[in-house]
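Chains as they are written, first to last, in the numbering used here: chain U, 1 to 327; chain H, 1 to 306.
Keep in mind the hints are simulated off the structure, nothing from the lab. Computed from a predicted structure; not experimentally measured.
Simulated crosslink set (EDC-like; lysine to aspartate or glutamate; CA at most 20 angstroms straight-line):
1) U:Lys-312 - H:Asp-92
2) H:Lys-91 - H:Glu-175
3) H:Lys-241 - H:Glu-175
4) U:Lys-312 - H:Asp-95
5) H:Lys-91 - H:Glu-179
6) U:Lys-312 - U:Glu-4
Listing some non-contacts, in silico: residues in chain H with all C-beta distances to chain U over 10 angstroms:
7) Val-10
8) Ala-54
9) Pro-131
10) Arg-172
11) Glu-179
12) Gly-189
13) Pro-271
Derived list of chain U stretches under chain H, where covered just means 3 residues or more per stretch with a C-beta under 8 angstroms from a C-beta of chain H:
14) 130 to 136
15) 258 to 269
The beta-carbon is built from N, C-alpha and C at its ideal position, and this holds for glycine as well.
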Amino acid sequence: MTRENGFNLLIVAGLVLVPLWAFFADEPFTITLATRAVILAMAAVGLNIALGLGGLISLGHAVFFGLGGYAMGILAYHAQTYTPFIEWPFVIEGTKSMPVIWLVAVVMSSLAAFVIGLLSLRTSGAYFIMITLAFGQMFFFFSISWSAYGGEDGVSIYLRNGFPGLNTLAPIQFYGLCFGLLMLVLLFASLLARSPFGLALNAARQSEQRVQAVGMMPFRLRLAAFVISGAITGLAGALFADLNRFVSPAMFSWQMSGEIMILVILGGVGRLYGPVVGAIVYVLLEHVLGDLSDYWHIYLGVLLLLVVLFVKGGIIGAVSGRRAAHG
Amino acid sequence: MSLLLLIEQVLNGLQFGVMLFLMAAGLTLIFGVMGLINLAHGSLYMIGAFCAAAVAGATGSFVLALVAALAGAAIAGALVEILVIRRLYGKDHLDQVLATFALILIFSEGTRWLFGSFPLFLDVPDALSGPITLPGGIEYPLYRLTLIAVGLVVALGLFLLISRTRIGIQIRAGENDREMIAALGVDIGRLYTIVFALGAALAGLAGALVGAIQSVQVGMGEPVLILAFVVIVIGGIGSIKGALVGALLVGLTNTLGGIFLPEVLKLFMEPSVATSVGASLASMAIYILMAAVLILKPTGLFGARA
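If we strip away everything but chain U, and leave its shape as in the complex, we get (with noise of 0.2 angstroms):
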């Protein structure tokens, strides 16, 4: 087993205890913390698809974590005040169900994710970060100029939907369903990376030429691997609306693309567990510097700098020993 191997399960491990002990403890608000880290790990696992294995610098996550977002605050808002969502040509209501606001979400978010791909991957480089940062402010000017679900005020939603079997007020059984969503993707994620498709891709990011020579089509590898990863975080955005029971256009502003980024980038870019050693630190960061401060974002800024300069390959890149994440 190697060191990273090791570390990993360390993590998992955490995952699991931590929230257990809270539980046991009587400390809801450890697991109400836990299961931010969770989500946002999973939004981050998303990213990492298009950042790490794609090499794709997307600066527009937001949209999808929004997307999410507010797939689950439009479908509860109307289930809520038993309004119709769509009543023509056929009447479509809103519900309270995780599952198909989750399937909603992810089916949202893939097509925006087809459609920006589409159009931002003739391009690359500089010009696609600034290009997904771009589309990123047009979905949050939108939701911000979209009256009917509150506008700049978003919509807050009274009950956490519901999950069959489940009672998801209590926080131990959501951060449970969140917690096993995360190791389903994942699982998913590094089945991916070592598939034909996910070899391809990384192949796509270290010479295109190659990849080429060999009869495939980067465009069509990395606009899959763009709408997979769109979804991915889409979920996670439903999940996110979920736990504080409330959506704004805040979750499709580029700072929460930003953040998502800084996550993936913290723990290790291209590394399965990155994104979740990212959002551990960042979740336990912004708790611990923000007691001490209200301005915690000058730490968070020079800690950033100072990984950014110094700590190559993240937090994970630190502990193995091993700098470059692609072997």
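Since the structure of chain U is provided, determine the placement of chain H on it from the hints.
Chain H alone, transformed into the frame defined by chain U:
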């Protein structure tokens, strides 16, 4: 829809456009010469505005405020270049994005710590306040007209600087082949610091000028930064001409879209629906414009490199 209103809105669009140009010119210059994506460019805009507001508050002089904005942003830019940015050249874009994002956090929170969360106000100087009557009987704010003039003069100055002066030759050479001009004895490190400070000063100038018609507050730089990105994506990275054309296109689309889209939609929709749909569409209009340009020319209107 009267012609007067149309002309007034076109002028507003031009004013917004030339201010965007000041932002976009610095961004595109820094990217063109150093290959660096600077997300913190919006912070330099904010620094310019805060320097101007602080100095105007202390001295009452708008000219001093502008000087302070230029100097403050240029010094901040030079410091940032020497302390941080210098280590990022030649690294991949991901590191640049993250490091400059970190700089935004530091600058924004630092400014909040120094000045508090409440917006500051920078008054339009007396000599430039009030409207002026243009030929044809249009009343238009003199200050906004001055902004258009200042923006165009700066644009011209920048063209001359790049095309006619020694430093301009070095900048252009640096875009093409940094090893070669280093071998010819040009101090590349100093050149980069100068270009970065110049870009910062332009952003600071824009911040101070716009600060007099909007409030000066933390976070004011980021929306403008993203618009400036849209501008250089449309115009083509590294091209000053592209930045100017892109900025004017974006400025006009943004301003005219907000006014005319609801009106156009009212022709075949209920007024209330048209107003809200029009507002949504207008807020997305420049991104739709950007997407359209990309479909036709992925490297922008005047861009050479991808």
